[in-house]
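For the sequence shown, this note's numbering assigns the number -4 to the initial residue and increments by one for each residue that follows.
Just so you know, the hints here were simulated from the structure itself, not pulled from any lab data.
Values in this document were obtained by computation on a predicted structure and should not be read as measured data.
There's no promise every hint is true.
[What the hints assert, rightly or not] Label pairs and their computed distance ranges (CB to CB):
id	residue 1	residue 2	range
1	Thr144	Ser196	37 to 43 Å
2	Pro111	Leu13	40 to 46 Å
3	Leu195	Thr54	43 to 49 Å
4	Ala88	Val191	24 to 30 Å
5	Met194	Thr144	36 to 42 Å
6	Gln167	Arg107	31 to 37 Å
7	Pro12	Thr54	17 to 23 Å
8	Thr11	Lys133	41 to 47 Å
9	Arg147	Thr54	40 to 46 Å
Where is the CB? At the ideal position from N, CA and C, for every residue including glycine.
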Amino acid sequence: MFTGIVAAVGKINTVTPLEGGADAGVRLDVNAGGLPMADVGLGDSIALNGACMTVVEKTATGFTVDVSRESLNKTVGLDTTTEVNLEKALTLAERLGGHLVSGHVDGLGVVRKFEPVGESHELVIEAPRDLAKYLAYKGSVVVNGVSLTVNRVEDSASGCSFSINLIPHTIQVTTLKHLKAGSRVNLEIDLIARYVERMLSLSSAG
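Given only the sequences and the hints, what does the whole structure look like? Please build it.
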């Protein structure tokens, strides 16, 4: 589990195809940036842009993960040399500063607007129809591994658009600063909303 509070911005140094042809994934060599690596061991989980990955090799300054083809098909930003938001898995001794995050990307959104408003930025994302029902005013959502609060939701035939206010600190310490209209982003909906839907569907069926 994670919190959606980005601990450091790292960089994917190399992307190496794994053996197995077109259905194979890739191996990523990641520079951990300011992420402390002393307590990271092989097999530990680290979220890259909101996607939970397993450490298969490590150095003093970075680590390596293998990304399956399925994960590549369901995410963005894990198949090229670029900056990534990093967070180590949550321990029971840490503060839950964001919200409970599984590190499993539920779908992809498209940025429709990213503009300064006063000292902050307004980020408007279009979400697919199958995720729209989980997005609510003042609810939580994860965008590229960052826990954020939804300020407005507008439904449409194709899904919904939701608006987020990004404070200067969030812009400064995450890769969200690089977004622009047309950018695709990894989305994870609130874990609690998923369980509520499951309980309601069973209640209706009964």
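Hint by hint, here is what the structure shows:
Judged by the Cβ atoms, the range 37 to 43 Å given for threonine 144 and serine 196 is violated: they are separated by roughly 26 Å. For proline 111 and leucine 13, the Cβ-Cβ distance of about 41 Å falls inside the hinted range of 40 to 46 Å, so the restraint holds. Distance hint check: the CB atoms of leucine 195 and threonine 54 are about 47 Å apart, consistent with the given range 43 to 49 Å. Range check, alanine 88 to valine 191: about 29 Å between beta-carbon atoms, so the 24 to 30 Å window is met.
The hinted range of 36 to 42 Å is not satisfied by methionine 194 and threonine 144, whose Cβ atoms lie roughly 24 Å apart. Roughly 23 Å separates the CB atoms of glutamine 167 and arginine 107, a value that falls outside the hinted 31 to 37 Å. For the pair proline 12 and threonine 54, the beta carbons lie near 21 Å from each other, so the given range of 17 to 23 Å is met. Checked against the hint of 41 to 47 Å, the pair threonine 11 and lysine 133 passes, with Cβ atoms roughly 43 Å apart.
Arginine 147 and threonine 54 have their C-beta atoms about 44 Å apart, which keeps the hinted 40 to 46 Å range intact.
Of the numbered hints listed earlier, those contradicted by the structure are 1, 5, 6.
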